Each structure stands twice: as structure tokens, then as C-alpha cells.
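Here are the chains, one letter per residue:
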Amino acid sequence: RKEVEQDPGPFNVPEGATVAFNCTYSNSASQSFFWYRQDCRKEPKLLMSVYSSGNEDGRFTAQLNRASQYISLLIRDSKLSDSATYLCVVNRATTNAGKSTFGDGTTLTVKP
Amino acid sequence: DAGVTQSPTHLIKTRGQQVTLRCSPKSGHDTVSWYQQALGQGPQFIFQYYEEEERQRGNFPDRFSGHQFPNYSSELNVNALLLGDSALYLCASSGSGAADTQYFGPGTRLTVL
Numbered sequence: 001r002k003e004v005e006q007d008p009g010p011f012n013v014p015e016g017a018t019v020a021f022n023c024t025y026s027n028s029a030s031q032s033f034f035w036y037r038q039d040c041r042k043e044p045k046l047l048m049s050v051y052s053s054g055n056e057d058g059r060f061t062a063q064l065n066r067a068s069q070y071i072s073l074l075i076r077d078s079k080l081s082d083s084a085t086y087l088c089v090v091n092r093a094t095t096n097a098g099k100s101t102f103g104d105g106t107t108l109t110v111k112p
Numbered sequence: 113d114a115g116v117t118q119s120p121t122h123l124i125k126t127r128g129q130q131v132t133l134r135c136s137p138k139s140g141h142d143t144v145s146w147y148q149q150a151l152g153q154g155p156q157f158i159f160q161y162y163e164e165e166e167r168q169r170g171n172f173p174d175r176f177s178g179h180q181f182p183n184y185s186s187e188l189n190v191n192a193l194l195l196g197d198s199a200l201y202l203c204a205s206s207g208s209g210a211a212d213t214q215y216f217g218p219g220t221r222l223t224v225l
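Those sequence lines, one after another, are chains P and C. Numbering-wise (the working numbering), the first sequence opens with residue 1 and increments by one. Numbering-wise (the working numbering), the second sequence opens with residue 113 and increments by one.
Worth double-checking, as some hints may not be accurate.
[Stated by the list, open to error] Simulated DEER-style distance windows between Cβ atoms:
hint	chain 1	residue 1	chain 2	residue 2	range
1	C	P173	P	T18	40 to 48 Å
2	C	G140	P	S68	34 to 42 Å
3	C	H179	P	K111	44 to 52 Å
Calculated from the structure, these hints are not laboratory results. These figures come from a predicted structure and were not determined experimentally. Don't be surprised by glycine CBs; every beta carbon is placed ideally from N, CA and C.
Full structure from sequences and hints, please.
Put into C-alpha cells, the structure is as follows:
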């Protein structure tokens, strides 16, 4: 079993739709959590950090459930430009040596 | 402010050869991590350098080695290349805290023939 698991999709949605991605992690010592976005043949770019209280950035909402070891990303009012692969990332708790473990990503295609 | 830079952008090698990839971190960052991303997969952690020492290592063989220089730039060396080493190699820099976010460079695409 992989340490970070994501539904690979692909998710194909129309513009304006709401879509949710899920991610589970197996290491209970994990301390920090992120969503990255990766466009085709480009480097991953930080989309948002994920906090226990949940956090929102415009159309994007991230939530963390430590008890269930589950992270989610909700995208509202999808735009064509949201088409990308979304990577769930988990960091361990070791100070000054935060190894990042990535999921394999969920692919989103937003269609007109 | 320059972000993370990597060189070269593309590289073609043959099996058995050796390769060196280079990374310059974002200004103000002292920690450099290297990742390998095969097609259709997420990046896999190779190792991380801080204060010129390897701090953590992923599940990669000793053929993968690295170095960090006093200016925080870093190199990734791969010896005895295999076909399976073909991938996008990503460098990421960050501050030294565990919760510090990582910023990735554009990557080096290595093809082993």
C-alpha cells in the first residue's frame, strides 16, 4: 500500500461544476499537508497548505481529518484553466528534515 | 527574485553512463531536496540536503548520490544509468522547518537509451 493514495481519475467536468478530490495517508506521524498543482510536463506548484481547521483560498477549499488520515480539496465554479493534475503531499514531523511524500495525483479536465 | 533553477533542461544518455544534474535554490532557502518523477506517477523523494549534509534519503540505490555546496546549490549524480532511470528529475528548495513549503524547479528530463 502506498503511503499517500489518491484517486487517479481522470475527472472530466463541465465549466462551473464543483469537484472534490480525496487523499488518504498512512503515516500518523505526518505533520504538514499540501496540495500541489502540476500542468503537463511542468513542475509541481504549490496550490495551498492544508490546516486542521480547514482553509479556503478563493474557489479552493482544503480540509484535513487527522483522525481518519484524510485530506480533501474542493474546487467550486471550475474554470478551463483548472485542468491539471492535483498532487496531495504529506510531510513528516522531523525538524529540519521534512521528507515529502507525494501521491500519484488526480487528473482534472474541465470542458467548455 | 530568481526561483529554483536547474540545468540542463534535457539530457540523453546511454545505459552505463554517469550523469550530473545541477540545482540552484530560491534565494533565502537553505534546504534542497531531489525527486524523481516517472511518467504517470507522483514525484518520489530521493534525498534532502541541509548544511552540506544528506539529512534524509528515500528508497533509492547508492548509484544516486548528491552534494550541497556552501552557497546551498546542489548536484545529483547518478552512476551506471539504467533504462528505468529515465524520468523528470525535480529539485525543490525550502527553508529548514518541517512545515516550510517547497518550491520546485522546472526539472531536468533525463532519457536513458
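Now for the hints, and whether the structure bears them out:
1. P173/C x T18/P: 40 to 48 Å: holds, 44 Å
2. G140/C x S68/P: 34 to 42 Å: Roughly 36 Å apart at Cβ, these two residues keep to the hinted range, so it holds.
3. H179/C x K111/P: 44 to 52 Å: holds, 46 Å
Of the numbered hints listed earlier, not one is contradicted by the structure.
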